[in-house]
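A.B. asks: Each chain is listed here by its residues.
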Amino acid sequence: MKTLKIYDPAMCCPTGVCGTDVDTRLVQLANFLTTLDKSKFEVNRFGLTTEPAEYVANTEVARILKEEGVDSLPLFFVDDELVFKGDYPEIPALSSKLGLASFVAKF
Amino acid sequence: MKTLLSKIPQFLFFTGKGGVGKTSMSCAISVALADKGKKVLLISTDPASNLDEVLNTKLSSTPTKVNEVENLFAMNINPVVAASEYKEKMVGPYRGVLPDEAIEQMEEQLSGACTVEIAGFNEFSKYVGDEDIVSSYDHIILDTAPTGHTLRLLALPSAWNDFIADNQTGSSCLGPVSGLAEYKKLYDNVVENLKNPQETLLILVSRAEKLSLIEANKASLELLNQGMKNQHLVINGIFSDESEDEIARAFSEKSKEAIASIATELLSLDTTKIGFYPKGVVGVESLRAIINEDKASFFEGASKELEEQLINCLDGVNSWDELLESFKKDGSGLIMTMGKGGVGKTTIASLIASKLASSGHKVTLSTTDPAAHLEYMSSENENLSVEKIDPKIETKRHVDDVIAKNEGKLSQDDMALLKEELSSPCIEEIAIFEAFAKTVHKAKDRFVVLDTAPTGHTLLLLDASNAYHKEVSKNTAEQMDEALVNLLPRIKDEKFTKILLVSLAEATPTHEAKDLQEDLKRAGINPYAWIVNRSFALTKTSNNLLCQKGLNELKYIDEIKTDLSKNLVISPWVSQEINDEKSLNKLI
Numbered sequence: 000m001k002t003l004k005i006y007d008p009a010m011c012c013p014t015g016v017c018g019t020d021v022d023t024r025l026v027q028l029a030n031f032l033t034t035l036d037k038s039k040f041e042v043n044r045f046g047l048t049t050e051p052a053e054y055v056a057n058t059e060v061a062r063i064l065k066e067e068g069v070d071s072l073p074l075f076f077v078d079d080e081l082v083f084k085g086d087y088p089e090i091p092a093l094s095s096k097l098g099l100a101s102f103v104a105k106f
Numbered sequence: 000m001k002t003l004l005s006k007i008p009q010f011l012f013f014t015g016k017g018g019v020g021k022t023s024m025s026c027a028i029s030v031a032l033a034d035k036g037k038k039v040l041l042i043s044t045d046p047a048s049n050l051d052e053v054l055n056t057k058l059s060s061t062p063t064k065v066n067e068v069e070n071l072f073a074m075n076i077n078p079v080v081a082a083s084e085y086k087e088k089m090v091g092p093y094r095g096v097l098p099d100e101a102i103e104q105m106e107e108q109l110s111g112a113c114t115v116e117i118a119g120f121n122e123f124s125k126y127v128g129d130e131d132i133v134s135s136y137d138h139i140i141l142d143t144a145p146t147g148h149t150l151r152l153l154a155l156p157s158a159w160n161d162f163i164a165d166n167q168t169g170s171s172c173l174g175p176v177s178g179l180a181e182y183k184k185l186y187d188n189v190v191e192n193l194k195n196p197q198e199t200l201l202i203l204v205s206r207a208e209k210l211s212l213i214e215a216n217k218a219s220l221e222l223l224n225q226g227m228k229n230q231h232l233v234i235n236g237i238f239s240d241e242s243e244d245e246i247a248r249a250f251s252e253k254s255k256e257a258i259a260s261i262a263t264e265l266l267s268l269d270t271t272k273i274g275f276y277p278k279g280v281v282g283v284e285s286l287r288a289i290i291n292e293d294k295a296s297f298f299e300g301a302s303k304e305l306e307e308q309l310i311n312c313l314d315g316v317n318s319w320d321e322l323l324e325s326f327k328k329d330g331s332g333l334i335m336t337m338g339k340g341g342v343g344k345t346t347i348a349s350l351i352a353s354k355l356a357s358s359g360h361k362v363t364l365s366t367t368d369p370a371a372h373l374e375y376m377s378s379e380n381e382n383l384s385v386e387k388i389d390p391k392i393e394t395k396r397h398v399d400d401v402i403a404k405n406e407g408k409l410s411q412d413d414m415a416l417l418k419e420e421l422s423s424p425c426i427e428e429i430a431i432f433e434a435f436a437k438t439v440h441k442a443k444d445r446f447v448v449l450d451t452a453p454t455g456h457t458l459l460l461l462d463a464s465n466a467y468h469k470e471v472s473k474n475t476a477e478q479m480d481e482a483l484v485n486l487l488p489r490i491k492d493e494k495f496t497k498i499l500l501v502s503l504a505e506a507t508p509t510h511e512a513k514d515l516q517e518d519l520k521r522a523g524i525n526p527y528a529w530i531v532n533r534s535f536a537l538t539k540t541s542n543n544l545l546c547q548k549g550l551n552e553l554k555y556i557d558e559i560k561t562d563l564s565k566n567l568v569i570s571p572w573v574s575q576e577i578n579d580e581k582s583l584n585k586l587i
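Top line first, the protein sequences correspond to chains A and B. Take the first sequence: its letter number 7 is residue 6 in numbering that gives the first Met the number 0, and every next letter is one higher. Take the second sequence: its letter number 303 is residue 302 in numbering that gives the first Met the number 0, and every next letter is one higher.
Among the clues, some could well be false.
Stated by the list, open to error - Simulated pairs of lysine-lysine, DSSO-like, Cα-Cα distance not exceeding 27 Å:
| # | chain 1 | residue 1 | chain 2 | residue 2 |
| --- | --- | --- | --- | --- |
| 1 | B | Lys585 | B | Lys387 |
| 2 | B | Lys404 | A | Lys84 |
| 3 | B | Lys253 | B | Lys37 |
| 4 | A | Lys65 | B | Lys88 |
| 5 | B | Lys494 | B | Lys539 |
| 6 | B | Lys209 | B | Lys184 |
Since the hints were derived computationally from the structure, they do not count as laboratory data. Please read these numbers as outputs of a predicted model, since none were measured by experiment.
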C-alpha cells in the first residue's frame, strides 16, 4: 500500500473556473487520481482554505511553508517522502514516482 | 392589496433588485397581517437593512416585538456579518500558525459575494427550517429570497461532495463554504418548503420602470425553473399626475409606458399596484397608509423649502465642467462608470465620451448594454468611435471554451457542477473583461470610456489567476494574452484609470454603491468620483410630490458628499429619451 499526499495551494477554484482559463493539468491530475487502484494506493488531497489543520499537523509541510512561503505549494508526498514541490507534475512523472512506470495516461 | 393579503401562506419571500422597495412592501404586509390578529415574524437579510428606521424599533439578531404593533416581531440577519463570522471561524485558529501570506490567500477565497450569499441563506435557513420557531408564528416573512443561482447550486449532488478530496472541478461559490455542509439536511428542508405553493408565496417587487420590470421577469422565470411556482407581482411607485408641470407629466407618462411594456409571462401573475410615496416609507402609520391605498399627502411649501435647502446642499458639489476639465488635463486614459443595474451607467459614459470628443480628443466609447442605441454618437462626431460588447455572447464564448477543454475529462455530476459554476455572476464579469482588455489597450493615446467596471473581488481573482498562470506558462510555453496581463496593472494605475461610481440619491442605491467602493478599496483602488444621477431636486419641478422627493434626496447627497467622496457631481432627472448629443447636454 502506497500513500500519496497532496497539499494544494489556496485555490479559489482549482481549475481556474473563475479565472481566465482552466488548467487542463489539474483536470488530468483529478482524473488520474480517480483511476488509481484504491486497494494499492491511498490518496489524500488537502486544500489550504478548507483543511488548514492538515498543513499545521504535518511538521514537514509546516516547516516548508514557514521557510519558503506559499509559493512552495503544491507539495506531493509519496509515503511521506517529498517528490514534487511548487508545481504540478505531468502525469507520467507522477506515475513513475508511484512505481507505475508503464502507466499510460488515459487522456 | 386586499386580495394579496387574503392568500398569504405561512412563508412569504420578497425578491427584486436593490432600491425597488422590498423592505417597505414586506413591512407594510407584515403590519397588515399583524393588524388582522396574526402572529408575524419579519426577517431582513439585507446587509444595509433599515428595518429599524421603517418600524421605529431597535432590532437585533433575535426576534424583537415591534413598537405600536401587536403580534409583530422583527429581526435583522446580516449576511456580511454571518460571512465574516464564518470566515473568522475558518481562518482565526491559524493566524500566527501559518504564514501571513497563506492567511491572506485563505481570507480572499472566503471574501466573495457567493460566500455572503450562501452564509445569508444559511442564517435564514436556521429560522425557516426550525420547527420550534416555525410553529410559534402564523407567518414568517423574509425581505430577501435566495437567487436562482443559489437554489440550483444547492440542488446539485456534487455541490455537497468534499471539494478537495473527491471533486477537483473547483467551486467558486460553494467551495469556500463547504464547511457549511453539515447543514445539508436543513437546506433540503428549506428548499422543499420554498417549492410548496401551500407553504410559500414569492413576491416579485418592481418599480414602475421598464428596466426594473425586465429584471423582475428574469427573476420570475429563473425561480419558476427552480420550482417556485406560487408568485405574485407588486409594481411599486406608480406616479400619476395630469397637471401642467412638465416634469410631473413626463414622469407620469414614463410610468404608464413601463406598465404597458410588461412581458407576457409577467402579465399572467396576479399583480398589486402601489402608488408613489416621495419620502420613502418610514413609520407604522405610513405603512398602514400603503395597505389602505391612501394617496401620499401634500405638504405646504415643499417647493419653496427645496429651493432654500438645495443651495446649502449643493455647496461642495462639483460641476460637470470641473469633472470634465480634470479628465482633459490628462489627455488620455481609461474612464469607467460603475454601479448597480438601472442607475444610468451607459448614459453617463455616453455623456463623458461625447463631451471629450467634441472638445477635440480622440475617444472610444464601449458599451455592454445590448439595448443601448449609440449610433447617433459616432455619426455626429468624427473623434468618437463606438464599440459594443454583448455580455451574453462573450459569456457564452468563455463558457464554451472552458467546457470544451474539459469535455470527456469529467464525470456527468462534475460537469454539471462546472456548468453551474460557470453561470455564477463573477463569470460574466470576467468574460466581459477579457473582451474589454483589447479596448483598454487603446487608452494609451486616446480616451476609452466603458460603461462597466470590475468589482474588487473580480480584480483580485483575475490577479490571482494571472499570477498562477504566469507560473504555469513558464513550463508549458503557454502564451498569456498580452492585453489581459497588462489590464490589471493599468486598472490599478490612478493616472491611467478613473472609476466613477454612479448612484441615485436614495437609500439602497447609495448604500450599494458604498459597498462597491469598499470592495474596490480592498483591491487597492480608489474611485475617482461619484455621480448622482436622475435627481428630482435639480429638475426645477413645481409638483408638490416631486419636490418632496427632491427634499428626501438631499439627505443622501449630504451623506455622499460628507462621508463617501470628495468629488461628487449631480445630474438631474430628464424627461426625454436620450437619443442625440443635444439631449445628453440636459444632464449637465
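A.B. asks: Compare the structure with each hint and give your call.
C.D. replies: Against the structure, the hints come out as follows:
With a CA separation close to 24 Å, the supplied pair Lys585 of chain B and Lys387 of chain B stays within the 27 Å bound. Using a Cα cut-off of 27 Å, the hinted pair Lys404 of chain B and Lys84 of chain A holds, with the two alpha carbons roughly 26 Å apart. Under the criterion of a C-alpha separation no larger than 27 Å, the hint pairing Lys253 of chain B with Lys37 of chain B is inconsistent with the structure, at around 38 Å. Pair hint Lys65 of chain A plus Lys88 of chain B holds up; C-alpha atoms about 22 Å apart against a cutoff of 27 Å.
With a C-alpha separation of about 37 Å, the suggested pair Lys494 of chain B and Lys539 of chain B falls outside the 27 Å cut-off, and the hint is violated. Restraint check: the Cα-Cα separation between Lys209 of chain B and Lys184 of chain B comes to about 40 Å, which exceeds 27 Å; the hinted pair is violated.
Taken one by one, the earlier hints fail for this structure at numbers 3, 5, 6, listed in ascending order.
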